[in-house]
Amino acid sequence: MEPVLEAKGISKRFPGVLALDGVSLALHPGEVHALVGENGAGKSTLIKVFTGVYHPDGGELLHQGRPAVFGTPMDAQHAGISTIYQEVNLVPMMSVARNLLLGREPRGRFGVIDAGAMYEEAGRVLAGYGVETDVRRPLRDLGIGAQQMVALARAVSVDARVVIMDEPTSSLEPREVGTLFGVIRRLRDSGIAVMYVSHRLDELYQVCDRVTVLRDGRLAHTGQLAELERLQLISLMLGRDLGEVRGSGMTKFSRDRHLAAGTSVDQQAEPVVEARGLTRRHVLDGVDVSVRPGEVVGLGGLLGAGRTETAKAIVGAMPIDGGQVIVGGLPLRGGSTKAAIRAGVSLLPEDRKAEGIIPTLSVRENIALAALPSLGTAGVVSDTKIDRVVEIFMRRLRIKAASPNQLVSELSGGNQQKVLLARWLAVRPKVLLLDEPTRGIDVGAKAEVQALIDELAAEGLGVLLISSDLEELVEGADRILVLREGAVVGELSGDDVTEERIMATIAEQADG
Amino acid sequence: MAELTSPRSERMAVLKPRVYAWVQDYGVYAAVLALLLFNVLFTPYFLDASNFRTQLVQVTPIVIVSLGMALVIGTQGIDLSVGSIMSLAAAVVVLYLGYGWLPALIVALVGGAVAGAAGGALVAYVGVQPIVATLALLVGVRGLANVFVPQLVEFRSAGLIALGSSSVAGIPIIVLIAGALTLLMMFVVRRTTFGRQVVAIGGNRTASELSGLPVKRVLLSVYVISGLLAALAGVLATARLQAADPTSLGLFIELSAITAVVVGGTPLTGGRIRVLSTVMGALLMQLLAATLIKHNLPQSWTQIVQAGIILAAVYATRERGTR
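From first to last, the protein sequence lines stand for chains W and Z.
Position one of the first sequence corresponds to residue 1 (UniProt numbering), numbered consecutively onward.
Position one of the second sequence corresponds to residue 1 (UniProt numbering), numbered consecutively onward.
FYI, nobody ran anything at the bench for these hints, they're computed from the structure.
Check each hint, because a few of them may be wrong.
[What the hints assert, rightly or not] Below, simulated DSS-like cross-link-like pairs (lysine-lysine); rule was C-alpha separation at most 27 Å, straight line:
(1) Z:K216 x W:K338
(2) W:K48 x Z:K216
(3) W:K400 x W:K385
(4) W:K48 x W:K8
(5) Z:K294 x W:K353
(6) W:K385 x W:K430
(7) W:K353 x W:K400
(8) Z:K216 x W:K400
(9) W:K338 x W:K385
Hey, can you work out the whole structure from these sequences and the hints?
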């Protein structure tokens, strides 16, 4: 059968990055097609090309076999391509019925909207989607799941031939997920092509027919999902070949930490930080983590498994519904990063630009930022103290800048990351939570950061290491906790710390 | 696109940001100098001491208010309530003159700080957008001032009159106060933990929170300081007028203050505060108006030229930001 929508060798370049590199994907009528990949794989760029938000720099888009150019998202919609985003884009104050039938309301005499007919039709349509509600009420009274159903019903009823769903289940209850799957299967049976983007492998295997895996902007795999084992799928996403044999690793960790005898970790020592039962609806489900002095604990798992959220919950940067964090035997009180930092727990955030650097300030000021109160007297900063700290860390971390007064935004990614590490080391933490510390930095800086982690652990610092780079995780960590869907599903230590074991743990079926 | 750029346009591409950066950093000083030079050459009696003094005295309230405004804008905020807080201070100061001018001054300053704290609390703790929170105060606070003192009231407090009109070594006291506050503000921004935190929060609020900065407390303080300075400006202006006029005192001064900050090269996107340049921005606007009036150009000309300068300043800042 002819594909309803097809990408042929699509490329898209952004300043400094090739987001898509010759990606091809065909969506056939009556199939549910999974699109998967880790951060930066190019999923959202591809979706935006399909929906007319971005224009490809190379390659061709075919719509029902004919070359198509979607100048605007409107063009794509007119061509029958509908997108359901995580955030519902409807009008919350208007009634459910109006939202569903907006622009197509049944008219009575003189072109006036026939309210009775509108409510009746809306009720009938929604019943088919498992939404039983008073359609006269404003949309915002509905739960997120039901709102999403309205969005879906609306998308389908405007004659969609292709429905793209981006993480549709991220805020749904299990019952709602079931309903959604029922709807998706019905769409498929009526000949609509569904593209389904999700990180939840269980869901993919339940509802999808085919799968396309993207990695680093390239097509990594496309084929029948049923023929692909979970483990294979994960290894395709992470870019690690199964059974790949390597001699010594490429990372700059002095040795495979977990194998080295007599590392500085004292197994009897009290944990410096211990998180118990961290819970947040839809995000974390009773996560326990503890880090001992001198220990590097790795957090493994796919994107969206709750690794970043665990780190943020520990430092109080994300509110939690339950659980507690204990530092040095004392519980950390109430969600503020300030309290955590004072207790000796610091987070190097994942998104360097949005959460790390202060672009308008110099290298010097960025390094001194967190330690400022201790680098002065009576609220007046001491230049000598700051200069000393800045000099020590610029030398130790080999930060390459024209001068300490250069704007931090002018540095390379690797040097910016070192500036942020310096910011944290300057407050002399007991535990550092490192979220993707080497992502997006050049090879040289990566090696230096890895060597530094080793060195700091040897000095007795506890480290929680989050990394999507399995090799880095395996060689850098003493012990690895594997997360899936917000819960710890496995703990690996000693000889079990291997890439294969991590992937196998991720792949295990939920509920066995 | 790289193959399309010629060497010349490449050189321009390197040069352009530098030119804009220079304009943003020093443009306001250059403009003030140029205007001074022009006046020395072409304006009769310009160097006359009394002329100079008049200009400075007139610009003083704007300078004081814009010091607070620069701080607020540095946090990516804005404070529209300053003019109304000036009028509140004028009303309060005459109400309490019976206790002596100094206690009255203090009560007026407290009033300004409280009004500022109201705006700051809305911004920092409730999460209202600064423009909305302070707009509410702009309306409400002037109303309050008018309730206290419904029409113009003259007063005879010798102390307060002296504050507004006497001089030390030929320099009016209120100008000295503005000068001292400028120095103080430069010190606060450059040399105190608080000042550095203000700039960091304006530069990246999320990063500041993750770095353990007391973000909410700093935001609140910034609006309190702005309210305090506005109240002081209100009292000084009242002292000079020798009458409290809550109905019209400080009308539209928030716009003059924002103009001074912007023309001084402080970006509205926060993360950077230029204290001395802000003062220069206020002086530039004052000097420009005086010059054009002296040369018998109508008021509308002044407004058009000022608009041109604001656009130029914003353009220079914007170009730099998109680098």
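| field | Satisfaction of hint between K400 of chain W and K216 of chain Z, Cα-Cα up to 27 Å | value | violated (34 Å)
| 27 Å limit on alpha-carbon distance, applied to hinted pair K216 of chain Z and K338 of chain W | Holds. K216 of chain Z to K338 of chain W sits at ~12 Å (cutoff 27 Å).
| request: Verify the proposed pairing of K294 of chain Z with K353 of chain W, using a straight-line Cα cut of 27 Å. | output: violated (51 Å)
| message | Given the hinted pair K48 of chain W and K8 of chain W, is their Cα-Cα distance within 27 Å? | response | Since the Cα atoms of K48 of chain W and K8 of chain W sit roughly 15 Å apart, the hinted pair holds (cutoff 27 Å).
| Given pair status - K385 of chain W, K338 of chain W, alpha carbons within 27 Å | Roughly 22 Å separates the two Cα atoms, so the pair holds.
| query | Can the restraint linking K400 of chain W and K385 of chain W be considered satisfied, given a maximum Cα separation of 27 Å? | reply | holds (21 Å)
| query | When you check the alpha-carbon spacing of K353 of chain W and K400 of chain W, does it fall within 27 Å? | reply | Judged against 27 Å, a Cα distance of about 18 Å means the pair holds.
| field | Restraint check for K385 of chain W with K430 of chain W, where alpha carbons must lie at most 27 Å apart | value | At roughly 22 Å apart (the allowed maximum being 27 Å), K430 of chain W and K385 of chain W satisfy the hint.
| Given the proposed pairing of K48 of chain W with K216 of chain Z, does the C-alpha separation stay at or below 27 Å? | Distance ~37 Å between K48 of chain W and K216 of chain Z Cα, so the pair is violated.
Hint compliance for this structure: hints 2, 5, 8 are broken, all remaining hints hold.
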